[in-house]
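Whole structure, please, built from the sequences with the hints as guidance.
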Amino acid sequence: MTTVVDGVFTLSQADKQERLLPELARLTEHHRRNGEAYARILSATGHGPDRDYRSVADLPWLPVRLFKTQVLKSIPDESVFKVLTSSGTTGDVSRIFLDKEAAAAQTRMLSRTIQAAIGRQRLPMLIADTPAVIKDRKSFSARGAGVLGMMNFGRDHVWALDPQEKPDVEAIKGFLAKHGGQPFLIFGFTFMVWLYLYEVAREHKLDLSNGVLIHSGGWKKLIDQSVDNAAFRQAFANHTGLTRIHNFYGMVEQIGVVYLEGPQGNSLYCPDFADVIIRDPETWQELPPGKPGLVEVVSTLPESYPGHALLTEDLGVVHGIDDGDWPGKRFSILGRLPRAEARGCSDTFSGGQA
Amino acid sequence: MKLKARFPQGPDCTVDDLLADVTREPEGGRLVVGDERVRDFLASFSRRLLRPETARRFPELGSLGFFLRRGEIAKAIERLHDGASGNRYLPRGLVLHFPPANVDTIFVYSWALSALSGNANIVRVSNRSAGAAETVIDALNATLAEAHPAIAQTQRMVGYERDDAVTAALSLACDLRVIWGGDRSVTDIRRHPLAPLSRDLTFPDRSSFAAVAVDAWHEASAEAKRRAVDGFANDVYWFDQAACSSPRVLFWVGASVGAELAREEFMGLLGDAVAARGWRVDAAMAVEKHVATYGLAAEGAATRVRFAGNAVAEVELAEPVRMQRDWLGAGTICHATVGSLAELVPLVRRKDQTFSQFGFTAAQLDEFVTALAGRGVDRIVPFGSALTFASVWDGFDLLREFTRQTTIWPG
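Top line first, the protein sequences correspond to chains F and A. Mapping to my numbering: the first sequence position 65 is 172, numbers consecutive. Mapping to my numbering: the second sequence position 305 is 299, numbers consecutive.
What the hints contain is simulated information worked out from the structure, not anything from laboratory work. Backbone N, C-alpha and C fix where the C-beta goes; we use that ideal spot for every residue, glycine too. It is possible that part of the hints are untrue.
Unchecked claim - Some but not every residue of chain A turned toward chain F, in silico, with C-beta under 8 Å:
(1) 279
(2) 282
(3) 297
(4) 299
(5) 323
(6) 332
(7) 336
Structure, rendered in structure tokens:
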């Protein structure tokens, strides 16, 4: 297990609450003053400037999909340095506006979080993807952007798939022959790692025991094969010797935050500047550990857009508080809410009249 | 490309065979307006829909069964006044129907009135149809056993996967093409030309609103208020408030103080009505409503957004009031207060279809229609009737649309 000096998984839940609450309340005021659309939402939903917040769960949240339908930013147009986008399944896209400081903070905090898993050195890196995903830098997908972001944490990169998206067994074998004797980094989207790297490693009896795997992207594509996180870890351990596996959860709307799976696996942890709140989708109250609900994510990083408290469309559950590998809440993502559909008529629903 | 014969159920057929069959003169002669063979068929179909086990499972099929009862059908035909003052009504010929994918029963109304007008009909039904639509097709097939053979020959419901060649061939062959189901479907199907003498009857996207006369509300009995709220609840919650006739904005017409009180009382009763029926919205719909209403607030179109549980969301529209036509999720009511119906006139567009109302007099409504001067609104109905289908729809008297007129001037 990596020892974390200067780490970001250090605060107990009580300390975190104490630190996050004033900071998040400040951000609420900051975004109110600097973003008209956000100010209107607060005003319409009864969150006046004089309201006093006793806990993080009391703070107003925005539904994360609002970033797909509205321009929400707290910086003037001339300060926009970077616009992050995410493509959704329905084709609409979130737009997240960053100024220079926000972009720098994003990179800095992301590094510190990832270092909790891999240490401070750049390790040789095996990527469970094809170089084709980053080929066209002007138009690469969310997958390409994710790969590119993670490449900064490794060196001597080798792709596990060839440009035709076929497993490149020789390349993987070559990488392991050269670097397999010391710690190395593996990164990929969960389903790619499973479908390509795991299957290939198992078939060719490859030894991945010095690897640290970081993966993300969700389990949806693996559910059909009855592979959940525990099965995934077990299979890698049994057949490839790989045991240092960190899944993570994050979204473009919450810059610089990754919720990282702890060393023992099966739980995600929140970095010190972020937290999750599981809400009952009927009462919107916070749910205690063990009760699944909708995931709200909070973070003190977003200064340039009002993304410090977001209600996601993911279902999750908190397993415990201050009782795991790292302090704070440990939780899992259980799946995604389906998109609401109506029976009636409009172009959106290709329906008809009644 | 073969078409799936859903009604009458049978082997897959080609477009050519289908067209040759339906246009052949049937046994007993060509169909006429109000044809007895069709009346008999619709009457026994109606009885089948009104069977308790069917009507209980799909209330909308109960309404359909009621609409198609022999007496109702007779009244509809009488309204044509066929033969009066030298005006005769004749079938158009072959009518092609493209019903919407998601509303299960509308295609039956459209088809039944066209059949009653003496037309041969081809209805494209969704291959994915389920629930009520499936039950309808089963009931139609079951009714066929005792029906005149002319019905099976001239009335067809077919399924086919999206195929331009089939749509084009059917379009060229028909005398009237009926397109339901949104702007995009209408535009898409209209790419296919019709024969020179043929025409389209289209039912594109529409939106609807409601209003309460504040004074009348305060004067109404508790029972009348409760009935109005129950009706409004049906108008809003059936079809997830996404039907063209589902109201989106609720206008309070009168002095603002009285309006405030009326609204409070009304919304209290609505909350009770929704709770009493056990109507809920799921988490996905609740999120949808938050995204939509917060979006309105962000845009400055709403000054207040309030959720009384997930089932009922209230939005206060900003002044000056703009009509809110977008779907905001099931059970989202946008309020606005105006001094008089006249103030609504400039807000109305051609797209606005149904105006559901409580408490206005016939004279006030008539005056409103005069003031609208054709800007929009096709029907004005009391609360509870927004979704009730009528043979005059979207401003068209369907029996007239499904027939053509021959005038006789003896000289």
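Which of the stated hints cannot be reconciled with the structure, identified by number in ascending sequence? 6, 7
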